[in-house]
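Colleague: Protein sequences appear in the order of chains A and B. Going by the numbering used here, the first sequence opens with residue 1, and the numbers climb by one from there. Going by the numbering used here, the second sequence opens with residue 1, and the numbers climb by one from there.
Just so you know, the hints here were simulated from the structure itself, not pulled from any lab data. Ideal Cβ placement from N, Cα and C applies to all residues, glycine included. Mixed in with the good hints, there may be bad ones.
Distance windows between CB atoms, simulated [stated by the list, open to error]: (1) A:His-285 - B:Glu-285: 20 to 28 Å; (2) B:Arg-234 - A:Pro-2: 36 to 44 Å; (3) B:Gly-289 - A:Pro-70: 52 to 60 Å; (4) A:Ser-233 - B:Asp-311: 31 to 39 Å; (5) B:Pro-24 - A:Glu-93: 24 to 32 Å; (6) B:Gly-211 - A:Arg-21: 39 to 47 Å; (7) B:Ser-321 - A:Pro-70: 51 to 59 Å; (8) A:Pro-70 - B:Val-232: 23 to 31 Å; (9) A:Arg-14 - B:Gln-253: 34 to 42 Å; (10) B:Ser-22 - A:Gly-142: 53 to 61 Å; (11) A:Glu-93 - B:Arg-239: 26 to 34 Å; (12) B:Glu-285 - A:Thr-68: 40 to 48 Å; (13) B:Pro-24 - A:His-285: 46 to 54 Å.
For lysine-lysine, the following BS3-like pairs were computed, each having C-alpha atoms within a straight-line distance of at most 30 Å [as the list claims (entries may be wrong)]: (14) A:Lys-277 - B:Lys-278; (15) A:Lys-154 - A:Lys-186; (16) A:Lys-277 - A:Lys-186; (17) B:Lys-245 - B:Lys-96; (18) A:Lys-62 - B:Lys-63.
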Amino acid sequence: MPLAPEHLAYPLRRLGMDHERYAWSMMTDRPPLRWPDGQPLAVWVNVSLEHFPLNPVGTPVKLPGNMTMPYPDLRHFTLRDYGNRVGAWRVLEALDRFGVQASWAVNACLTERHPQILRAALARGDEFVGHSWSMDTPHAGGLAADAEDALVAKSLAALRGFSGQPVAGWLSPGKLQSPDTPEILKRHGVTWFCDWVNDELPYRFRTAEGELWSLPLATEIEDRFVIMDNQHSESEWAEQVIDACTFLLAEARETGAGRLLSLSIHPWVIGQPHRIKHLETVLAHLMAQDGVWNARPQQILDAVEAPARHPPG
Amino acid sequence: MSATFPPSPQPSPALRERGQLSDPSLYDPWPYAGRPRITWPGGARLAFWVAPNIEFYELNPPKNPHRAAWPHPVPAVPGYSIRDWGNRVGHVRQMKLLDRYGIRGSISLSTALIDHHPEIVAMCRERDWEFFSHGIYNTRYTYGMDGAQEREMILDSIESIERAVGKRPAGYLAPALSHSEQTLDLFAELGGLYTCDLFHDDQPTPVKVRGGQRFVSVPYSLELNDTIVYVVNRIEPRRYGQMIKDAFDRLYQEGAQSGTVMCIPTHNYQVSCPHRLKAFEEALEYITGHSGVWVTTGREIAEHYLAHHHDTAVAHIAAASGA
Numbered sequence: 001m002p003l004a005p006e007h008l009a010y011p012l013r014r015l016g017m018d019h020e021r022y023a024w025s026m027m028t029d030r031p032p033l034r035w036p037d038g039q040p041l042a043v044w045v046n047v048s049l050e051h052f053p054l055n056p057v058g059t060p061v062k063l064p065g066n067m068t069m070p071y072p073d074l075r076h077f078t079l080r081d082y083g084n085r086v087g088a089w090r091v092l093e094a095l096d097r098f099g100v101q102a103s104w105a106v107n108a109c110l111t112e113r114h115p116q117i118l119r120a121a122l123a124r125g126d127e128f129v130g131h132s133w134s135m136d137t138p139h140a141g142g143l144a145a146d147a148e149d150a151l152v153a154k155s156l157a158a159l160r161g162f163s164g165q166p167v168a169g170w171l172s173p174g175k176l177q178s179p180d181t182p183e184i185l186k187r188h189g190v191t192w193f194c195d196w197v198n199d200e201l202p203y204r205f206r207t208a209e210g211e212l213w214s215l216p217l218a219t220e221i222e223d224r225f226v227i228m229d230n231q232h233s234e235s236e237w238a239e240q241v242i243d244a245c246t247f248l249l250a251e252a253r254e255t256g257a258g259r260l261l262s263l264s265i266h267p268w269v270i271g272q273p274h275r276i277k278h279l280e281t282v283l284a285h286l287m288a289q290d291g292v293w294n295a296r297p298q299q300i301l302d303a304v305e306a307p308a309r310h311p312p313g
Numbered sequence: 001m002s003a004t005f006p007p008s009p010q011p012s013p014a015l016r017e018r019g020q021l022s023d024p025s026l027y028d029p030w031p032y033a034g035r036p037r038i039t040w041p042g043g044a045r046l047a048f049w050v051a052p053n054i055e056f057y058e059l060n061p062p063k064n065p066h067r068a069a070w071p072h073p074v075p076a077v078p079g080y081s082i083r084d085w086g087n088r089v090g091h092v093r094q095m096k097l098l099d100r101y102g103i104r105g106s107i108s109l110s111t112a113l114i115d116h117h118p119e120i121v122a123m124c125r126e127r128d129w130e131f132f133s134h135g136i137y138n139t140r141y142t143y144g145m146d147g148a149q150e151r152e153m154i155l156d157s158i159e160s161i162e163r164a165v166g167k168r169p170a171g172y173l174a175p176a177l178s179h180s181e182q183t184l185d186l187f188a189e190l191g192g193l194y195t196c197d198l199f200h201d202d203q204p205t206p207v208k209v210r211g212g213q214r215f216v217s218v219p220y221s222l223e224l225n226d227t228i229v230y231v232v233n234r235i236e237p238r239r240y241g242q243m244i245k246d247a248f249d250r251l252y253q254e255g256a257q258s259g260t261v262m263c264i265p266t267h268n269y270q271v272s273c274p275h276r277l278k279a280f281e282e283a284l285e286y287i288t289g290h291s292g293v294w295v296t297t298g299r300e301i302a303e304h305y306l307a308h309h310h311d312t313a314v315a316h317i318a319a320a321s322g323a
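Put together the whole structure using the sequences plus the hints.
Modeller: As structure tokens, this is what we get:
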């Protein structure tokens, strides 16, 4: 029994993408971006604060980092909660020590559970980014649109109410989306998200409700991916981030086009006592480089939107 | 045809389990030691080639009954986006590096990319890179196709490359390494010269296809493939660089006796990540810094082997197997 004829039909084989979400564009074909003061490399540090419930439903998908043992999985619940109780304070101290401005992608349930660390992040002027309700509320195909709408509304309301910030940015847990996520975000006042890591610079993303900025937050270099998934050592992770910085700075100088290093960190990973010094190594290095502009996401998008930043033509 | 294999015994039903072959019967056991000597142009010890896979993965492909394209429901944002990153950002980085070390890529091409991203094809043409077929999309698997369907798919990919670059491809790597029992037979019948699908050797070897065409395997190395290294084996970038150098040292040493082949298969969404390029560059610098290295392409290796070594190898294999 051969395959059905659809397997040899290619209706979307055409110029550009096989969907309508964004235009095809190679980074080197675009007008060069200029960061403020002509700095070649923007550095964006994002801290993801995550809560993993003890009783995950795990639908439509189970997100990485979740409970894996039979209920009650105290081992994983507490190890993740450690990040918000202890690790995040070490991360905060490291950010302070090296003068790093950051964004915090916050599961909104943490406004109830761990308000102190959130207040400390706000006090240093950092930017809050919507990160759904918890790590058991995935936005993925199979989630009903009205349920997702309510989830986004509840999460943003909690975060906006707590912070007093507009909270215009969004990171979906696990960087997953349903087919409706972009429209729902747009309807709730979100202007940018970082789920689609298909670029290194911001680009326009289409929704039926108007456009969003897509500001990709790299996965391949984040602490959780390198240290937990790849099982590389902490010093290897630090070396990789430093190599990325060296490469991007050189490329930005050579091409005259601004580049962006986005670095996502997770206090339940990097906030452990045996790991924190490697974050300090990374932050010390990044902040000591000539040509680095450390910025929060809204500052980055403001720089991209400012007409003066774009060369004529 | 100047040399033919002794006829292969057809597998009897007793040799098959669940209707499946116990051996692909594409090549004979043929020990590394004691083979006729391979010589490369200019007396080189080692033929070195880099095979960038330039792929297009569909966001929502038809669901193959034997293999899911994505681990997540549609849209599988993480998997799709990183591969798109490879084409939008990673490709140019890798290309600049290969330019710097005088390496022409041998592209394993999802041929639909000719339609989707003609800019990439144009850049590679300017550099006289080789284009070979990697199927149409890397989200369309051979699994479940009958012979006529697979032939249609392969022919479509061949003709797409011919239309785009004016030359039919010589090589094949099945899309997403998805094969049937007749994949190589079909490609040879359609005029192909070589396959990258077999990982049984560090030298080219004759491949037995049902039509008796002169057809070869060119070593492509799964172990040094960046996706296997980074995604499956989860290896650190610097260790990958060291693995490449170590593989080179040994193949270069052995190449003094008889020519060897070394391939680095890459993907623009893996090797080109900013934190990984340095180790790759150091390895390329190391290899191309040696004399006696033939920096070449898959097609050139296959053509040289077919012109100078294939028939000798077939005769040697026949003699060794007592035929």
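Colleague: Work down the list of hints and note, for each, if the structure agrees.
Modeller: Going down the list of hints, with the structure as the test:
1. A:His-285 - B:Glu-285: 20 to 28 Å: Since His-285 (chain A) and Glu-285 (chain B) have Cβ atoms about 24 Å apart, the given range 20 to 28 Å holds.
2. B:Arg-234 - A:Pro-2: 36 to 44 Å: The hint (36 to 44 Å, Cβ to Cβ) holds, given that Arg-234 (chain B) and Pro-2 (chain A) are roughly 37 Å apart.
3. B:Gly-289 - A:Pro-70: 52 to 60 Å: Because 56 Å falls inside the window, the suggested range holds.
4. A:Ser-233 - B:Asp-311: 31 to 39 Å: With a Cβ separation near 51 Å, Ser-233 (chain A) and Asp-311 (chain B) fall outside 31 to 39 Å, so the hint is violated.
5. B:Pro-24 - A:Glu-93: 24 to 32 Å: violated, 59 Å
6. B:Gly-211 - A:Arg-21: 39 to 47 Å: Once the Cβ atoms are compared, 45 Å apart, the range 39 to 47 Å for Arg-21 (chain A) and Gly-211 (chain B) holds.
7. B:Ser-321 - A:Pro-70: 51 to 59 Å: holds, 56 Å
8. A:Pro-70 - B:Val-232: 23 to 31 Å: holds, 29 Å
9. A:Arg-14 - B:Gln-253: 34 to 42 Å: violated, 49 Å
10. B:Ser-22 - A:Gly-142: 53 to 61 Å: violated, 41 Å
11. A:Glu-93 - B:Arg-239: 26 to 34 Å: With Cβ atoms ~32 Å apart, the hint holds.
12. B:Glu-285 - A:Thr-68: 40 to 48 Å: Holds, since Glu-285 (chain B) and Thr-68 (chain A) (Cβ atoms, about 43 Å apart) stay within the stated range.
13. B:Pro-24 - A:His-285: 46 to 54 Å: About 51 Å separates the Cβ atoms of Pro-24 (chain B) and His-285 (chain A), which means 46 to 54 Å holds.
14. A:Lys-277 - B:Lys-278: Holds - the C-alpha atoms of Lys-278 (chain B) and Lys-277 (chain A) are around 24 Å apart, at most 30 Å.
15. A:Lys-154 - A:Lys-186: holds, 15 Å
16. A:Lys-277 - A:Lys-186: violated, 39 Å
17. B:Lys-245 - B:Lys-96: Judged against 30 Å, a Cα distance of about 21 Å means the pair holds.
18. A:Lys-62 - B:Lys-63: holds, 22 Å
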